[in-house]
Each structure stands twice: as C-alpha cells, then as structure tokens.
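Protein chains: 2
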Amino acid sequence: MTNKNHEHKSCVSLVPIFNHLDAEQMNEIMETASSQSFKKGELVYHAGETSDVLTIVNKGSLRLYRLSESGKEQLVRVLRPGEFTGELALFNEKVHENYAEAMEPTSVCQITRSDLQALLIKYPSISLKILQELSTRVDQSETQATRFTTESTEQRLASYLVDLLGPDSQTNIVTLPLAKKDLASYIGTTPETVSRKLKELEEMNLIKRISSSKIKILDEDNLLFL
Amino acid sequence: MTNKNHEHKSCVSLVPIFNHLDAEQMNEIMETASSQSFKKGELVYHAGETSDVLTIVNKGSLRLYRLSESGKEQLVRVLRPGEFTGELALFNEKVHENYAEAMEPTSVCQITRSDLQALLIKYPSISLKILQELSTRVDQSETQATRFTTESTEQRLASYLVDLLGPDSQTNIVTLPLAKKDLASYIGTTPETVSRKLKELEEMNLIKRISSSKIKILDEDNLLFL
DNA sequence: CGTTGGATTGAAACGGCTCAATGTTTGTGG
DNA sequence: CCACAAACATTGAGCCGTTTCAATCCAACG
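Chain order of the listed sequences is A and B.
Position one of the first sequence corresponds to residue 772 (the working numbering), numbered consecutively onward.
Position one of the second sequence corresponds to residue 772 (the working numbering), numbered consecutively onward.
Please note: incorrect hints may appear among the correct ones.
What the hints assert, rightly or not - Below, simulated PhoX-like cross-link-like pairs (lysine-lysine); rule was C-alpha separation at most 25 Å, straight line: (1) A:K900 with B:K987; (2) A:K843 with A:K830; (3) B:K893 with A:K843; (4) A:K952 with A:K979; (5) B:K970 with A:K900; (6) A:K951 with A:K985; (7) A:K951 with A:K968; (8) A:K900 with B:K893; (9) A:K968 with B:K843; (10) A:K979 with A:K843; (11) B:K843 with B:K979; (12) A:K865 with B:K900; (13) B:K970 with B:K951; (14) A:K843 with A:K987; (15) B:K830 with B:K843; (16) B:K970 with B:K987; (17) A:K893 with B:K970; (18) A:K979 with A:K951; (19) A:K987 with A:K951; (20) B:K952 with B:K810; (21) A:K952 with A:K810; (22) A:K811 with A:K951; (23) B:K810 with B:K951; (24) B:K900 with A:K893.
Because the hints were derived from the structure by calculation, they are not lab data.
Assemble the whole structure, with the sequences as input and the hints as a guide.
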C-alpha cells in the first residue's frame, strides 16, 4: 500500500527540477507523477508518436537518437537521472522526432500535460528550472551543430574527450560513457575513423589509451589547439 | 511624453509571447520593457558578453551566428519580429555563445532578468509560451545537427529549399531570405558548392532558377528523395 | 574452447573544399 | 544613360579528409 507512495517518492525526490520545493509541494507533485520501468533496449517513445507526458529519468539512462531519411542513426544525447525529455510533444503537441531507448534497466517518471500545466501555474518557479534546462540544451545542440560544420573529425573527437574530462579532474583519466558505435555517431563519424583518430592522438602523445573505455588525457591544451 | 508609451506599445504588442494577455496585463509589461534600435551590421550582443536581458525582435531581423575556434563562421539562425534570444545568459547566467547582428535597421525590446522573473511568477502562462518556443528551437537545432552528419550537402540544400516552400504554396516559388554566403554557412558548406549544387538540381529538372534569389520548385518529392 | 560481435587496419573511391580564373551583376559618378 | 569599378556568383582543377568495404584481430562469454 505504501508501495505506490514509495515509488513516487523515489521518483520525484531525485529530480533537480523540483528540488527547490518544500515537502508539502513535493507531496502534491508525487501524487500526479507516475512511474514506469524499461528493460535495456526498450523504447520509451519513438519518432512519429504523439504523447502528452514529460518523461524524467529516475534511474538508468536513455539514449536519444534520430533516424535520417536514409535510415542513418544520429545519437542526439544521453539522458541521465534527473534529466527529462518529451518537451516537444508536450508543449507543442507535435509528434516526437527522437527515439528514446533504455541503455540499461531504467525507470522514469512521467507527468501529463494537464498535470504539469497546473503545477506550472501553481508553482511558477518550476518553470524557471525547466527554462534553464531547455536553454542549456539549445546551447549544447547549437554548439554541436557548429562543430559538425567548422571542425574536423579529429578536433571533434578531441573536444569530446576534453568535455568529458571537465574542469575538475585529479587523474586526467576519462571513462568513455558510450559504446564506440554511439560515440562515433554522436561526434558525427564512423567507428573506423574513431579508431584511427584515437591512434593518431596517441601517436602525438596527446592521450594514452589505458583500456578500451579508459583514456588518459596527457595534453589538454594541445588537444583543443589541434 | 506619450512618446515613451508608444515606443513600449509598439514593442510588446507584436510579440506572440504576450499575445494571450489582456490589455491591463499588457500595459504592465510595457512598463518593464525598453526599446532599442540598431543599424545594419551593428551587434546586439557578442559571444563572451554577459547580459541579463531577454531580447525580442520588434522590427527588422537579427543574424545569430557562432565563431569556431578557428574563426570560421556558422550561421545559427535568423530572428524575425516576435522571436527572441538571450535565454542562455538570462536563465543560466552564462556568457553568450552567439553573436547577434542586425541584418537591416532593426528595433528590439528588452526585458531584464528580474522583471521577467517577476512577470513569469505573476503570469505563469507566459512561461508556457516561452517553453513552447524553446522546445521548438531544440528540435530545430537537433534536426539541423542530424542533417549535418547524415545527409549530403546536396540533400541539405534540397531540404532547405523544401522547408522554405512550406506546406502551403500556390506558385512553388521560393525566395531565398539569405545571402548566398549565409545560406552556405547555414547548411554547412561554401558558396561555391551551393552554386554547383543548385546547378545540378536544375539539370535534374528538380528546380528552376528564376532570378538570383527566386527559385521554382519543380519536383518537391524527388528533392526530398535524393 | 569455439563462437560471435566489436575493434582495428588497409586500400580504394568519393565528396566537398580550396584556390584561382572568369563571368555577371550592382551601384555610382561622370 | 553610360562606363567603370567593386562585389558577388560561377566554373574548373587539384587535393585532402573521410567513408566504405573487406580482411583480420581481439576479447568476452557461453
């Protein structure tokens, strides 16, 4: 019986969007959110589908990707706990353009359009959080698009590695969070080219491959300077 | 004396974001917005600048672009009356990543962070409008990024032309709203290649060039099918 | 221990860019 | 209204980076 509440609690409490609310407000939101789980490989939604829910990742991760006309796949981004998707269908009543696929066992919570709109009206500060998130995403996507047309594959790979590192790092070792195939798709190239370019970067003594998914950044400055 | 009010009125009345509000609310917003004009080529803001205003185009148009590390320019999009920019700096207190340049004599109106936040709290429906706009922009930017990596230059040009046409068109004639240089940058190529590809499309009887900026779409289906 | 899928490497083909020459408009001043 | 300049558009040739396809290598896993 408390099961349902627990589910809701675990769902919402993690979400940065609602973090700033007090316990009472949080409870109200929990009432409106529902929880759902997906096995690895299952689709939370797919392009062409309509939907009226905002989906927030609770545990696990979602792979957002698009298919071009020709069927080629483009990894758009990966959603981690606390991040959300579905805003296009939700706010614009359009069909999804992305596919959202669980990369591992993943649980999400979902809020319907009408519930969310009521919440936004009642607690306008929530919308500021969402606005923040969306404007960040616009920026990231535009940055990515700019890189596709103005930088070489090698530069994009180097930028990606440095981005992974972040400003604060002791060891200078990054762990690739994506399969090679997805990494390649994300930076707009092929697995073969990723392999070749990593090799080149290593030969230039800019990086060192520790294991298949661990890479030590030896020279951050020159990686960006390429 | 009524001068200032007129300026405000002309400013806000055009803006879709606020369209749904009643006259009294509109008046209140007018009080908080300020108006500014730019000559062709002037920058409304530039990358690296901090700012705490949302900028809404009132008349004219703004060219939003980025510069890559190497100095290459990427046209991100063009803002027409009613559209806004500045959300990254405003909601996230980050520096601008884009340059915003007037393409012609242009007037904008601006609302400061604190004024806007107050408005959002007071009239939550405004935030729904902004949410709509931002989620649309995320979608557009992701679509653009996907095209860069999954489609050929020829396909991107063709898609661009068809997008210009829109679903409703009598004549099937599109008017290029951008200089060739900007068009090329927008679709991620060079003016030379645009020229060559337009020629090829014409030789395939998919389009017909009427004048330098007018193009007749002869075969929309096959343009997308390339 | 074999099988299967991913990662690497090689060779060849191709698409698009650069640079340079030529052609075409546009606008301006005589 | 014409002439000329300056900017822009087109075309050509050569080059370079990346993809493709195929072969091989490696590693994880049943």
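Hints, one by one, checked against the model:
| no. | hint | result |
| --- | --- | --- |
| 1 | A:K900 with B:K987 | violated (45 Å) |
| 2 | A:K843 with A:K830 | violated (28 Å) |
| 3 | B:K893 with A:K843 | violated (46 Å) |
| 4 | A:K952 with A:K979 | holds (20 Å) |
| 5 | B:K970 with A:K900 | violated (48 Å) |
| 6 | A:K951 with A:K985 | holds (12 Å) |
| 7 | A:K951 with A:K968 | holds (12 Å) |
| 8 | A:K900 with B:K893 | holds (16 Å) |
| 9 | A:K968 with B:K843 | holds (22 Å) |
| 10 | A:K979 with A:K843 | violated (31 Å) |
| 11 | B:K843 with B:K979 | violated (31 Å) |
| 12 | A:K865 with B:K900 | holds (15 Å) |
| 13 | B:K970 with B:K951 | holds (14 Å) |
| 14 | A:K843 with A:K987 | violated (31 Å) |
| 15 | B:K830 with B:K843 | violated (28 Å) |
| 16 | B:K970 with B:K987 | holds (13 Å) |
| 17 | A:K893 with B:K970 | violated (57 Å) |
| 18 | A:K979 with A:K951 | holds (17 Å) |
| 19 | A:K987 with A:K951 | holds (17 Å) |
| 20 | B:K952 with B:K810 | holds (20 Å) |
| 21 | A:K952 with A:K810 | holds (20 Å) |
| 22 | A:K811 with A:K951 | holds (18 Å) |
| 23 | B:K810 with B:K951 | holds (21 Å) |
| 24 | B:K900 with A:K893 | holds (16 Å) |
Of the numbered hints stated above, those contradicted by the structure are hints 1, 2, 3, 5, 10, 11, 14, 15, 17, listed in ascending order.
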